[in-house]
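J.: These are the residues of each chain, in order.
Number of protein chains: 4
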Amino acid sequence: MGTTVIAGVELIRKGLAKPVGSLTQMATIRLGRRTENRTPKIKEFVPLEKLENIVFGAWDIFPDNAYEAALDAGVLSVEDLNKVRPELEHIVPMAAVFDSKYVKRLDGPNKKQGKNKMESAEQLMEDMARFKSQNNLDRVVIVWCGSTEIFLEPVPVWADLESFEKGLSDNHDAISSSMIYAYAALKSGIPYVNGAPHMTHDIPALLELAKKNNVPVAGKDFKTGQTMMKTILAPGIKARMLGCTGWFSTNILGNRDGEVLDEPLSFKSKEVTKLSVLEYILQVEKYPELYKDLYHKVKINYYPPRGDNKEGWDNIDIFGWLGYPMQIKVNFLCRDSILAAPIVLDLALFIDLAQRAGLGGIQEWLSFYLKSPMTAQGLYPEHDLFIQLIKLKNTLRYLMGENLITHLGWEYYFD
Amino acid sequence: MGTTVIAGVELIRKGLAKPVGSLTQMATIRLGRRTENRTPKIKEFVPLEKLENIVFGAWDIFPDNAYEAALDAGVLSVEDLNKVRPELEHIVPMAAVFDSKYVKRLDGPNKKQGKNKMESAEQLMEDMARFKSQNNLDRVVIVWCGSTEIFLEPVPVWADLESFEKGLSDNHDAISSSMIYAYAALKSGIPYVNGAPHMTHDIPALLELAKKNNVPVAGKDFKTGQTMMKTILAPGIKARMLGCTGWFSTNILGNRDGEVLDEPLSFKSKEVTKLSVLEYILQVEKYPELYKDLYHKVKINYYPPRGDNKEGWDNIDIFGWLGYPMQIKVNFLCRDSILAAPIVLDLALFIDLAQRAGLGGIQEWLSFYLKSPMTAQGLYPEHDLFIQLIKLKNTLRYLMGENLITHLGWEYYFD
Amino acid sequence: MGTTVIAGVELIRKGLAKPVGSLTQMATIRLGRRTENRTPKIKEFVPLEKLENIVFGAWDIFPDNAYEAALDAGVLSVEDLNKVRPELEHIVPMAAVFDSKYVKRLDGPNKKQGKNKMESAEQLMEDMARFKSQNNLDRVVIVWCGSTEIFLEPVPVWADLESFEKGLSDNHDAISSSMIYAYAALKSGIPYVNGAPHMTHDIPALLELAKKNNVPVAGKDFKTGQTMMKTILAPGIKARMLGCTGWFSTNILGNRDGEVLDEPLSFKSKEVTKLSVLEYILQVEKYPELYKDLYHKVKINYYPPRGDNKEGWDNIDIFGWLGYPMQIKVNFLCRDSILAAPIVLDLALFIDLAQRAGLGGIQEWLSFYLKSPMTAQGLYPEHDLFIQLIKLKNTLRYLMGENLITHLGWEYYFD
Amino acid sequence: MGTTVIAGVELIRKGLAKPVGSLTQMATIRLGRRTENRTPKIKEFVPLEKLENIVFGAWDIFPDNAYEAALDAGVLSVEDLNKVRPELEHIVPMAAVFDSKYVKRLDGPNKKQGKNKMESAEQLMEDMARFKSQNNLDRVVIVWCGSTEIFLEPVPVWADLESFEKGLSDNHDAISSSMIYAYAALKSGIPYVNGAPHMTHDIPALLELAKKNNVPVAGKDFKTGQTMMKTILAPGIKARMLGCTGWFSTNILGNRDGEVLDEPLSFKSKEVTKLSVLEYILQVEKYPELYKDLYHKVKINYYPPRGDNKEGWDNIDIFGWLGYPMQIKVNFLCRDSILAAPIVLDLALFIDLAQRAGLGGIQEWLSFYLKSPMTAQGLYPEHDLFIQLIKLKNTLRYLMGENLITHLGWEYYFD
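Chains as they are written, first to last, in this note's numbering: chain A, 1096 to 1510; chain B, 1096 to 1510; chain C, 1096 to 1510; chain D, 1096 to 1510.
For the record, the hints were derived by calculation from the structure and aren't laboratory data.
Computed from a predicted model, the values in this text were never measured in an experiment.
A hint or two may mislead.
[Said to hold, decoys possible] SDA-like mimics (lysine to any residue), calculated; alpha carbons at most 25 angstroms apart, straight line:
| no. | chain 1 | residue 1 | chain 2 | residue 2 |
| --- | --- | --- | --- | --- |
| 1 | A | Lys-1387 | D | Tyr-1397 |
| 2 | C | Lys-1136 | D | Asp-1388 |
| 3 | A | Lys-1392 | A | Val-1367 |
| 4 | D | Lys-1282 | D | Ala-1269 |
| 5 | B | Lys-1392 | B | Tyr-1382 |
| 6 | C | Lys-1196 | C | Asn-1230 |
| 7 | D | Lys-1109 | C | Asp-1222 |
| 8 | A | Lys-1363 | D | Leu-1360 |
| 9 | C | Lys-1306 | D | Lys-1136 |
| 10 | C | Lys-1392 | B | Lys-1113 |
| 11 | C | Lys-1145 | D | Asp-1388 |
| 12 | B | Lys-1113 | B | Pro-1142 |
| 13 | A | Lys-1196 | A | Arg-1180 |
| 14 | C | Lys-1136 | D | Pro-1383 |
Based on the provided sequences and hints, a complete structural model is requested.
T.: Quick look at the structure:
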């Protein structure tokens, strides 16, 4: 999906396409009373970096330049890609840190050869520094757009920074490639966003590092497709206090993602983030009469005829007044990369804003974009897309010194 | 649907069923910080009237008692109805004010014979007073659960109370039966809720009366079925700044409602409330790049095999990053009366609360339950179910002196 | 859809695409016993005209050549059309006989100006003769691919050839444009196929003419989309003796067809052919216990976002053992022209075959391709797609002197 | 599903329900020309045994009588079951031959204790003889309605009757419980039908026995639900020579069947019969241009909220003229037992007819009812529901000396 972001931004900069799906580029924000009619665009309200100033870089296990990689991905039309071909051909990936132990069914030639994981981290830090100086940049942010790694159980080496760094030098098995990237970024003071469901920096050791260096972080797992839909529908069902006995979700998809997720260990990472969404939104423990019998099942099926497109099918068994049953079925013909690309852009711009505002550590206000939002210890995550949106917008208002919106609206009637 | 409410409340009072779908009976409300874990039930937080104290009365053009009417409606199972048969048989409808000029394809024998509309209104006021005294009640509220009347164009007779009262005496054609009920209620100081899409009290004359007598009112059109779903999905689409080129909605339903709405004039009332929902939620004027080409079509089809059940089918054409298209299809096997019954109960209890709290006129905070919420003049309605829910809950918090919730959550991270 | 046929045949002749959907080009036919393994392609078994020898001509109310018209139709990709651009540009339509009295919401400049309908017919006959001689052709066939005309009630002028010819001279209102084409063709000894639902030659006068000149005819209404699906599913439901209480079919489509059918009079023509399908397949009079309560409804909705694509949605209420209910829902994302184009080709080739075989009048064995097949007087039409296919194939076997297939298969077991 | 058959037949005998789905009870058969109008009911045309004369017996690992078992199955309503309660309570199952080695996740107390499999077979033969004499019956047939056994690879012990009988005495692992039933039946001269996908008598040893004793047999796997739908749709797609690149089928079901099939070894038996259906119908080897890339996937998901109901969802990727793609999606809300019950009845009556007609061995003409029809060696099975129906009806016509139907219909036009 990385190339979909890059090609898209290039097209948008040339005025050949619109950044649909991006709040930083398109959304407005209401300020003050409904009757004031003050609703600037977010990008005019908050000092976000401009699209014109962005320079893209990437690591990849395949040495193809961004034009070749985009053709191969098959998301954007050849016609569209050709409009920005020179810009894309210019972007050649750096050699990646990668071990197919963590991403089954995938491998490629463009890899670094560190003698241990610490050395790999150092090579990445050099890459980052070089990229910044060569391109004459003020600031850098990193967003993970790669494949999902397998599920790993928590181990002591994750517990604090010291153990983690020792683990890097010892080549510890429980340190996956993505963790090496996150470590390198945070060590370099670079904000890091994790778009996949694996843990990466959502472990004590790396959160300690983020705090220490006051670097903002966000994750995990871009909220697209079926789960995005679930975080739209489930809040609606709960808002109306309708019960739910079953939610069956199945997906068919035909790209590399589908192939990787056909592997049970990778799927487990995904399944965990996909399943917990409902539990939190529906608050089973608060509403046992409505949700205690909920049977929730998520399936992903590799289905080559679908190509990069994806199709989700949900069956939702709900019940209403006196327990009478009803059913909702949703068929979503979607495109993962098309839904994910504006998320990548927004997260990059917002986390850069956070850094400039001096906000280090977990940025919960960016939960809006994530299937499995990171939170402060002891806090349950908010999965409801609409609460997440209010949180995001009220954070922006707060940062800019505007009144928070409560939707009370008393003044229109009773003052 | 009236009998579904009544039978349901009787079953619930006996502990034989749950008030699923009712916020007043089941929902909780978060107070204070997320970490305080204060989330009482709404009914324990706000002084709502108890279910045990409710007494039901009704007007109907058919003289059947509530047991007979419920059997005929075919919503609840015979088994369930038999459990509260005596209570239902006890409820016999008063003679209705009705003119099939306003509800085509429907007529019945149990009607009042006033010599003009003012006399009809006076008969209704006598009914209300008698019902209150015979049942030894403190307070009364009225909720319209009847059929949809035909669409009427605004006329001068609606413009102020004086003209309206003259119109009643003159038997003016533009005063429909439901308006006579609303007039009688407001004149008697009784809160009135309109669950159908026709105008009823959403006209200057009757709002003037509501204000004068400081009586709370709410309406229009219970938010159930496909439109409820639309006000869940559309905010999600807009939240993510996805574009929309088309939304096609069709319904099949087999009950009296379906038969009445097969009549074009009645459907027009419905269509107006159904169509405007999207326009407001998507804010076409603010987001022309995303929604200016939106083609929105709503169809209702009378389909007898469905009986009281209903089936909605939506096709939604959306687009994302760079304009690439996707599709969402929703098939909703629903039951209108099952979705509407808890709304009737909640609106009755909340509007009663409003009256005791001294809140007269339009209760916009009850928009949550309505397809076409009434608002103060000059204010656009909020159709987003999630904004409506925050409005409702923050209103309750405000009434009880609790802090409003903004979902900012700054304190968990940066203080 | 005419240009989709022409462009397709050109692409196929160049080896750039496959004639998918065409039995004459792709299907095989089993001959003899299952164990003989004799299954030649139909085109190798029966002496059909070769694709290479076909020359296309057309009438159209718009003067655009076939390349321009195809671009405008938006069915085939620009990329595909460009591969056969010169061939398509070469085909320029002759001026059409057209009166928007019979096709509402449509008009164009490229029309003949006959002083009455007989004169128009004569002009068409001249066109046909000229087309044949200029292109040095042995034979010509005509297939109607134009819009649906409005529904017309039978009148005496249709009753016999003499009255009809008088009607032509008198400019009789009940003689629509398509009838003038059919008359001109049959008069010239040219086979005529009607792909739309209007009557055209399915009237006594023109059948008399077809018989008199021993010219084969076929029609009406190409079987595509939802009705094709219906003639697949309904035979399956009946085969298993499952009951059916309701069948609701709705369509959304965004092309000129959708616009024309939004006009009630045109839709009526269509509705008649669409509705009768189920009645015949399910044999309501033979199976009252299963189908007497069947409620069948067909809707067509003009929905511009769909473009030339079409989407059908069916809800089918069936019941099984002891009357227990079940439901089938079908969502068909189809493309009318893509489904219709091979039908046009097959009908042209088969009716040409019929003419060479000396078979005049109605060709019931071509019912396979038609929503409303014409039959001999007194015969009910066969709508079951599978019976139609056996009829077609057994006709071919019969013409070529092969044994008919009965699927008995006794010999494999008991001889 | 056994109790659904029994309870249904009892209800039908009392005139309280209809045998919907049963060809023997409801279907007609056309004889002679279309114009002769001779279409008697099958049961009036062929000498089938009457429902009144049927006596039911059963083996089951649970000792519950048929009333208790039916209540537990939850297919028929309590109301319906109570109408035939005494008849059902009267039917108490005999102790079953069962080994949970062959049906994982299932076990029960009501089992025979033979010292080896031959002894078990002898005990079953005694049961059969006793059942026949105690009920004073002329003839007996057996239909397997039990769970699916695990998939077994062919072994030499299946190769001929002698090895098989030795295997029975040796307690050979490759002889499953269902094979013991089939052996006992055929040995006793009793026709045997296999409604599950496991092999049972579709092995050389038992076919040898069937032939030797001239006993008719049929199988395998009742054609219901999604596969039934597939054998309706796939012939339609092929009839029209449309291509197919993918067919994804998923099921959710909540009963014991779902639980058993959640076990991979049991699912494998099912998968084999489910997958081969498409391959045969579409004739991949004959139409490589249309079907060589077909990706066919079948999933079964245990989903308790569905109970005995079942829901199938299919996505079918087809292509038409020039390769342009289209999609069909089918959502089938079905009930397996309701679809299977009339099949059990029909197979019992037809196989009894076959025996009286002296037809021993495989009855291919009963393929209509089966997902994986048994055929003579060297013959490919016919999966097309419509060819199967013609085969069945032409067999009946042949048995009764009527002309076979070919649907040629030449005589109506050209003689």
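J.: None of the hints should be skipped; say for each whether it holds.
T.: Results of checking the hints against the structure:
| no. | hint | in the structure |
| --- | --- | --- |
| 1 | A:Lys-1387 to D:Tyr-1397 | 18 angstroms, holds |
| 2 | C:Lys-1136 to D:Asp-1388 | 21 angstroms, holds |
| 3 | A:Lys-1392 to A:Val-1367 | 11 angstroms, holds |
| 4 | D:Lys-1282 to D:Ala-1269 | 19 angstroms, holds |
| 5 | B:Lys-1392 to B:Tyr-1382 | 20 angstroms, holds |
| 6 | C:Lys-1196 to C:Asn-1230 | 34 angstroms, violated |
| 7 | D:Lys-1109 to C:Asp-1222 | 71 angstroms, violated |
| 8 | A:Lys-1363 to D:Leu-1360 | 22 angstroms, holds |
| 9 | C:Lys-1306 to D:Lys-1136 | 38 angstroms, violated |
| 10 | C:Lys-1392 to B:Lys-1113 | 38 angstroms, violated |
| 11 | C:Lys-1145 to D:Asp-1388 | 28 angstroms, violated |
| 12 | B:Lys-1113 to B:Pro-1142 | 20 angstroms, holds |
| 13 | A:Lys-1196 to A:Arg-1180 | 34 angstroms, violated |
| 14 | C:Lys-1136 to D:Pro-1383 | 13 angstroms, holds |
Hints 6, 7, 9, 10, 11 and 13, counting from the list given before, are not met by this structure.
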